[in-house]
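Novice: Line order of the protein sequences matches chains A and B.
My numbering applies: residue 504 is where the first sequence begins, and numbers increase by one.
My numbering applies: residue 77 is where the second sequence begins, and numbers increase by one.
Simulated from the structure, these hints should not be mistaken for laboratory data.
Fair warning: there could be bad hints in the mix.
Simulated crosslink set (SDA-like; lysine to any residue; CA at most 20 Å straight-line) [what the hints assert, rightly or not]:
| no. | chain 1 | residue 1 | chain 2 | residue 2 |
| --- | --- | --- | --- | --- |
| 1 | A | K574 | B | K211 |
| 2 | B | K211 | B | K306 |
| 3 | B | K309 | A | L610 |
| 4 | A | K793 | A | I909 |
| 5 | B | K79 | A | W614 |
| 6 | A | K556 | B | E295 |
| 7 | A | K574 | B | G294 |
| 8 | B | K403 | A | L642 |
| 9 | B | K306 | A | L642 |
| 10 | A | K722 | A | L707 |
| 11 | A | K753 | A | T804 |
Pair by pair, the computed Cβ-Cβ distance ranges are [what the hints assert, rightly or not]:
| no. | chain 1 | residue 1 | chain 2 | residue 2 | range |
| --- | --- | --- | --- | --- | --- |
| 12 | A | S560 | B | L310 | 26 to 32 Å |
| 13 | A | G509 | B | N218 | 52 to 58 Å |
| 14 | B | P80 | A | G530 | 39 to 45 Å |
Taking beta-carbon pairs under 10 Å as the criterion, some of the chain A residues facing chain B (in silico) [as the list claims (entries may be wrong)]:
| no. | residue |
| --- | --- |
| 15 | F576 |
| 16 | A581 |
| 17 | L583 |
| 18 | Q607 |
| 19 | L664 |
| 20 | V743 |
Glycine included, each C-beta is placed from N, C-alpha and C at the ideal position.
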Amino acid sequence: MLQVTGLTGGYGKEPIVKNVSFNVQPGEILGILGPNGSGKSTLLKMISGILPKQEGSVEIGGKNADSYSPKEFARNVAVLPQMHAHAFSHTVRATVELGRYPYQTGLFSSWTAEDEAAVTHAMERTGVTRYENTLIESLSGGEQQRVFVAQALAQQAPLLLLDEPTNHLDIAYQQQLLDTVRSLAADEGKTVVSVFHDINLAALYCDRLLLMENGEIAKIGLPQDVVREPIIHSVYKAAVKTQAHPELPKPQMTLLPSLNGNAAKPFLVDETQFNVTADSVQFHAPQSLKTVSSAVHNPGTGWYTTFVNRHVDANYNCDDVKKEMEEYLEKRGHHLTDTVGMMTAVQTLHAEVATYADEDISIVIAVTAGVGNAVDVSKAITREAYVGTINTWIIVNGRLSDEAFIQAMITATEAKTRALQTEEVLDPLTGTQATGTSTDSLLVAATQTGQELPYAGPVTALGKLIGAGVYECTVRGIQTYKEAKGWKS
Amino acid sequence: MRKPLIAYIVSAAVLLTAVGLGVSIGSVHVPISTLWNQGADAMATNILWKIRMPRVILAGLVGASLAIAGAAFQGLLKNPLADPYTLGVSSGASVGAVMTLFFGISIPFLGLYTLPVFSMVGAAITMFVVLGFAKLVDRGLNMETIILTGIIFGSFLGSVLSLMIALTGEELRQIIGWLLGSVSMRGWNYINMILPFTIIGSFLLWMNRRELNAMLFGEDRAKHLGVDVKRRKLVILIGGSILTGAAVSVSGTIGFVGLVVPHMTRLLWGSDHRHLLTLSFMNGATLLIICDLLARTIISPTELPVGVITAFIGAPVFAFIFYRQRKGGTA
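Please construct the entire structure, taking both the sequences and the accompanying hints into account.
Specialist: Next up, the structure:
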């Protein structure tokens, strides 16, 4: 649909855009990215014929763009501009009707049924029909932008060019607008080329990205090939981290602020900071810890300051465990968004909390362990599903990578299994060696200050501490549990 | 645009009323029936057809020309303060006209039209110089930039006029009266002089009504919508110059009509040029007929130049629009 070959040009003599070539297929959305002054808007203006080209060619629909008359061009290419203010105001309908200008011929009005249908359809498509007779000036920014989308749609052009279409829009309107654009490409096979300021939005909505640097193409390809830390860093000169989108297979990035007031101050966690009572095991950190856990409240990955392992009765039963947990935490004055909460039927006073350290690294391990099944097994599914039996916490003084978190969990699980073996815990149903209980929970948290700890497998110093610590704490925990139950080994 | 048909009917009715008042009111009362009554008093018929009617029609044509030109300039420049007078184009037209009188230029082929043609050339040259200079100062063509440029060139051209007037000597009074803007004692000759240009100029602008709508969103946007911006702009500027030049050549510089009328019309009926141009044309005619009526009756028997009345109304409106614009309101 759009074929750009060796395009060079700009405002003055010195070209801003240099030798840019790419093509876009029908139904495809191409996002143009780049730092300020990289020539992304200039490139779009050259394609839309606002700026002259010095060299190269733009082919639209298989024909050289220069061979179109102005009206023909507008029937093939619709442009959605950035938002700006106007001195005089049209009604919404009059504005959308202007989109049919390229179809008007002759001196007198030649408004046809086709024109009317296109305008009606464009307004319905963008949801502005109800403002039909309102002056655009009196609409909000987002609604105004929708009117201009409708105007561009009324042009019924197969190629749609957008220049930072979401500038100054709040996120709900950004989403609405880009969803509309997305569906135009998907349903009507429109070809879309859009300049973006926001890398994440571009990665979310575009099929391919074109990254500009100093007027040239730095990279063109799929979002996951373009939005990569080294590329973004070298083009934008900004420190970023990329990560997967939580729901979609699209890359996203976040800025890494350079050190300033809100950077974490170094601090060390040790076992004296733990508060063990008959009600719970609690730890409150002076700053947020990066946490990965299978807790009841706030599971998954996040940053939390308060950690609660709460004792519940063995017969604890509740329809909405999460809600009951929240009520419990709130009653005790914990801030819900800052707190990770687990529960156990084990006496929390029997918790094993210990610091393990070598010369460089220190970690704190907290385990509450119970291996008995003193309850009716037929009810175990409903009851014990949320009541952890062996709850293990590992708090690391150091800076963990993503893989270190996962390795720490593997290492801890292996150590736990070894402890069950040492204590000769068997599966009561099969009589074979038990590897854990059915509802164990695990939490790994790190201060993310101090030493970099990229790995946590058994071969590393950290892995060794975790292995030994979890093993020892779990063994002691099981022994205490057995004694409390009056089982003599 | 709300209810365009009503807008046209109301404007036409007001215009007809103004014409009626214009021909009947004056130092001698002429009953409106003289228009169609064959047996009417001979003197009344004479006053009506030889003095009042040409005066009213001339006022109407001048007002219509200036108003439609103002509406088009405002749309083209996206500037509610633009009109032939504030842009300095009227001054340019005056210089062209006074030059014709001063040097006694008469081109045989043009005959009667020598004066308006030179006036138009003066208007067109001023227009392009003003816009060229404004663009040189500020590519974005800010509202204030254009007006300031208009003032600069207006003052300069005014001094050129003064110089020429000082050098003429004997015809001084006549030219000054003419400069202040008046449609009195002109007769049918002057109507013949302006009419063809009013028609051509208005037609050129009306042809570009849709383009003007598109250009309200900026020239780039208009181009995206398929408007041949360069050509259309040129046609609109030429059309505006023709209208201004023709109006100035018959009546001198009458200020603010091109500012007040489109502004009022927009307030009442919206800024869709498909209707705005025609409605401004009609309302401009009405306004100048009424202003002229006031000019000759308000301190009767002395006549004021009509430009005094329009400036008296126009300057406060100008101030009001400027205030509204700067306070973020819309015109």
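Novice: State for each hint whether it applies.
Specialist: Here's how the hints hold up against the structure:
1. Taking the CA atoms of K574/A and K211/B, the gap is about 27 Å. The hint is violated against a cut of 20 Å.
2. Under the criterion of a C-alpha separation no larger than 20 Å, the hint pairing K211/B with K306/B is consistent with the structure, at around 15 Å.
3. Proposed proximity of K309/B and L610/A is supported: the alpha carbons are some 17 Å apart, at most 20 Å.
4. Taken as a hint, the K793/A and I909/A pair is honoured in the structure, with Cα atoms around 13 Å apart against an allowance of 20 Å.
5. With a CA separation close to 18 Å, the supplied pair K79/B and W614/A stays within the 20 Å bound.
6. Straight-line distance between C-alpha atoms of K556/A and E295/B comes to about 19 Å, which keeps the hinted pair within the 20 Å bound.
7. The straight-line distance between the Cα atoms of K574/A and G294/B is roughly 17 Å, inside the 20 Å bound, and the hint therefore holds.
8. Between K403/B and L642/A the CA atoms are separated by roughly 18 Å; this keeps the pair inside 20 Å, and the hint holds.
9. As the CA atoms of K306/B and L642/A are separated by approximately 31 Å, the hinted pair breaks the 20 Å bound.
10. As the CA atoms of K722/A and L707/A are separated by approximately 17 Å, the hinted pair is consistent with the 20 Å bound.
11. Restraint check for K753/A and T804/A: satisfied, since their Cα atoms lie roughly 19 Å apart, inside the 20 Å limit.
12. Separated by about 28 Å at the C-beta atoms, S560/A and L310/B satisfy the suggested range of 26 to 32 Å.
13. A hinted range of 52 to 58 Å is violated for the C-beta pair G509/A and N218/B, which are about 37 Å apart.
14. Remark: the range hint 39 to 45 Å for P80/B to G530/A is upheld by a beta-carbon distance near 41 Å.
15. The interface hint given for F576/A is met, as the beta carbon of that residue sits about 6 Å from the closest beta carbon of chain B, less than 10 Å.
16. For A581/A, the interface hint holds, the least distance from its beta-carbon to any beta-carbon of chain B being 7 Å, beneath 10 Å.
17. Taking 10 Å as the C-beta cut-off, the interface hint given for L583/A holds, the closest approach to chain B being about 9 Å.
18. Among the interface hints, the one on Q607/A holds; its C-beta lies about 6 Å from the nearest C-beta in chain B, closer than the 10 Å criterion.
19. Checking L664/A against chain B by beta carbon gives a least distance of about 8 Å; that is within 10 Å, so the hint holds.
20. Contact between V743/A and chain B, as hinted, is not supported at the beta carbon level, the nearest pair being about 33 Å apart and thus beyond 10 Å.
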